[in-house]
Amino acid sequence: MDLKEHEGRALLMKHGIVVPRGLLLRNSAFKPDCVWSKSSLPAFLNALADARGFVLKAQLFGGKRGKGGGIIFTDSNNLLKDLKKLRGKTVNGEKIKDVLVVEALDAAKEYYLAISVDRSAGRPVLCFSDQGGIDIEEIAEKHPQSVKKIKLSGVYTLPAKTIKRLASRYFKSQLLARKFVDTVERLFKLFRDEDCLLAEINPLILTTTGDLYAADAKITLDDNSIFRHPNNLQYLRRNQTKLEAAAARSGLAYVELKGDLAIIGNGAGLVMATLDAVKHYGAKPANFCDLGGGASKKMMEKALEIILRAKSVKAIFINIFGGITRCDEVARGIIGFIKKRKAKMLPMVVRLSGTNQNQGAQILSKIGIKAFTEFSDAARAAGKLIRGCQ
Amino acid sequence: MSILINSKTKVIVQGITGQQGSFHTRQMVADGTNIVAGVTPGKGGYLFRCGAKTIPVFDSIAEAQKKYPADFTISFVPPPQVLLAANDALDAGLGTVIITEHVPVRDAMLIKSKAHSKKLIVIGPNCPGIITPGECKIGIMPADIFKRGRVGVLARSGTLAYEIVHGLTRAGIGQSTVIGIGGDPVIGLDFIEGIKLFEKDPDTDAVVLIGEIGGYAEERAAALIARKISKPVIAYIAGKSAPCGKTMGHAGAIISGQSGGYASKIAALENAGVTLAELPWEVPKLLKKYRKKLPT
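Read top to bottom, the protein sequences are chains A and B. Using this note's numbering, read the first sequence as starting at 2 and increasing by one per residue. Using this note's numbering, read the second sequence as starting at -18 and increasing by one per residue.
Quick caveat, the hints were computed from the structure, so don't treat them as lab data. Being a predicted model, the structure only gives us computed values, none of them experimental. Take these hints with a grain of salt, some might be off.
Examples of chain A residues toward chain B, derived with CB under 10 Å [what the hints assert, rightly or not]:
id: 1; residue: 84
id: 2; residue: 123
id: 3; residue: 193
id: 4; residue: 196
id: 5; residue: 235
SDA-like cross-link-like pairs, simulated, lysine to any residue; straight-line CA separation at most 20 Å [what the hints assert, rightly or not]:
id: 6; chain 1: A; residue 1: 180; chain 2: A; residue 2: 22
id: 7; chain 1: B; residue 1: 227; chain 2: A; residue 2: 246
id: 8; chain 1: B; residue 1: 227; chain 2: A; residue 2: 257
id: 9; chain 1: A; residue 1: 298; chain 2: A; residue 2: 377
id: 10; chain 1: A; residue 1: 280; chain 2: B; residue 2: 247
id: 11; chain 1: B; residue 1: 47; chain 2: B; residue 2: -10
id: 12; chain 1: B; residue 1: 269; chain 2: A; residue 2: 227
id: 13; chain 1: B; residue 1: 227; chain 2: A; residue 2: 260
id: 14; chain 1: B; residue 1: 266; chain 2: A; residue 2: 374
id: 15; chain 1: A; residue 1: 340; chain 2: A; residue 2: 374
id: 16; chain 1: A; residue 1: 190; chain 2: A; residue 2: 246
id: 17; chain 1: A; residue 1: 280; chain 2: B; residue 2: 22
id: 18; chain 1: B; residue 1: 227; chain 2: A; residue 2: 158
id: 19; chain 1: B; residue 1: 95; chain 2: A; residue 2: 154
id: 20; chain 1: B; residue 1: 227; chain 2: A; residue 2: 298
id: 21; chain 1: A; residue 1: 152; chain 2: B; residue 2: 259
id: 22; chain 1: A; residue 1: 180; chain 2: A; residue 2: 128
id: 23; chain 1: A; residue 1: 280; chain 2: B; residue 2: -10
id: 24; chain 1: A; residue 1: 280; chain 2: A; residue 2: 150
id: 25; chain 1: A; residue 1: 259; chain 2: B; residue 2: 197
id: 26; chain 1: B; residue 1: 266; chain 2: A; residue 2: 377
id: 27; chain 1: A; residue 1: 280; chain 2: B; residue 2: 263
id: 28; chain 1: A; residue 1: 243; chain 2: B; residue 2: 197
id: 29; chain 1: B; residue 1: 47; chain 2: B; residue 2: 83
id: 30; chain 1: A; residue 1: 152; chain 2: B; residue 2: 201
id: 31; chain 1: B; residue 1: 95; chain 2: A; residue 2: 158
id: 32; chain 1: B; residue 1: 227; chain 2: A; residue 2: 340
id: 33; chain 1: A; residue 1: 150; chain 2: B; residue 2: 47
Which stretches of chain B does chain A cover? Using the computed rule of at least three CB atoms under 8 Å from a CB of chain A, they are [stated by the list, open to error]:
id: 34; segment: 42 to 49
id: 35; segment: 202 to 216
Heads up, the beta-carbon is just placed ideally off N, CA and C, and yes, glycines get one too.
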């Protein structure tokens, strides 16, 4: 689950990491004549009379929003006018809903600080650079040595000495080094206790007055940790398409793609291989749809219903390798769905191999579908079928 | 004859009384696995019936170990209990195969680091398990598609492994041991450890590696193969047509930013001298070519 900046920022604050003063404007009360529900905005501006300026930040999932025009630097006189500029605007294909207004900081230097998962080592890894900011990705690619990577020894402990050495190398004043170590410790605790896959502060701003501020937050939480954090359920599935969310609710792994040949299979790897195989034979997959293990008749019906909701679909390829999944059950699902559906069914290629493949083939033969047993033959036939439909 | 498990391996089932646990325990027994005990906290003293056999159930691994010493556990417990169950197994000195899907990464990291410090084997989570055909199956795979032989198989995906193994078996190519290492971002035994074990195994002639997009496991395996592996390796990588930023079923199968893409994996493996199958059904054919050159 990816969090938006203001949600990540709330987690930083919860763990005592210093963030610039700010106010979230939600567009829930959107009306044509008012920009955002900004009832608390005057009070906020009053309280921040000493601020040297403001930054308006569109709250989006995607990165590179600064380069896409989703961030505006302004002052109290121009704030309302600039807010209007963000209204209804789309940045990198994402429509702006909420805007975070924060005080502008007088930055002396910008750093990059992140903790993520080193998949191979199976440990958290800390990344730090003294060249933080919007170009960090390019910098990391061109000058990988400027991003320090520290593999953490354990899941529950931070290597105190290594972090201190890092701090004293990059921060000359002892006070500042101590502030940095404190920030790292708090971010690590956040990463661990909130079940993060990524906790990133970019930039971590050092102001001219010698303070450290987390000026942005990019946090990814682990979908599988919801049982420990039931409140995070609200973040799950919200950047999926409607179809993807509906499929997930039915227990199907489904990803919408741009082609016209719908794919259903059992097992993530087999479905991925099926997409690759039909592409090899010239077809464009309309989706990835994994029934999972031991799918029932009902699950098969549900999968067909979901994939056909995508308007672009012209034909269907069902590829089943029966282990725990029984081919006869899948065949019953196909027949059940066709019987329920009054409109004419789209043409399909079905491949059944493994547990009860003969029973499955027999069931399908009743409605005139000849099931393939070989993956290669079926993929080739699916490619041919879709060419006939175009 | 094999790596990690053989006909002498004794197994304890964690979560034996659950729906998945009981179903697959019966399957494993039917397939010849020596299951000596089961564990379900709160159900100690119960007897699990399995055809003509009865399997005693205990509250903890430690208790089971006292009466029925084993080598491995297989875990079917629900995600919130996986960490506890794995700790229980590792503390008793047993390797563990974790079938459970949807285990938090943090828990997987803790299990991996404990297994590492105790020098014990963890397979999974989110995996189909391990099988040495005809001898021992600690997993959920359909045993009848496997055939005893001399090719080792390592796969991130279960069904894709079945698909390819089935193709091998029909082509008359048997397997020494097949391991489904799991589809999660953090897993126990990985390609590297698996390939090293097959390299040392006198009864394995070649290795089939079934990878997919996401992470760097294939690239790291390629680096090892180039330097230290003398046996032929054939690889198939799934996900050539997968889009960026979308999880393709497996939590670990995601291309994010510059990492995890298909092209970098193929390039790394090719550079390491690995034979690549572009489509899954090409694997048996490619292996047969190799077998002519192999001493038999």
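Those earlier numbered hints the structure runs against, lowest number first: Per hint list: 1, 5, 9, 12, 15, 16, 17, 18, 20, 21, 23, 24, 25, 28, 29, 32, 33, 34 and 35 violated.
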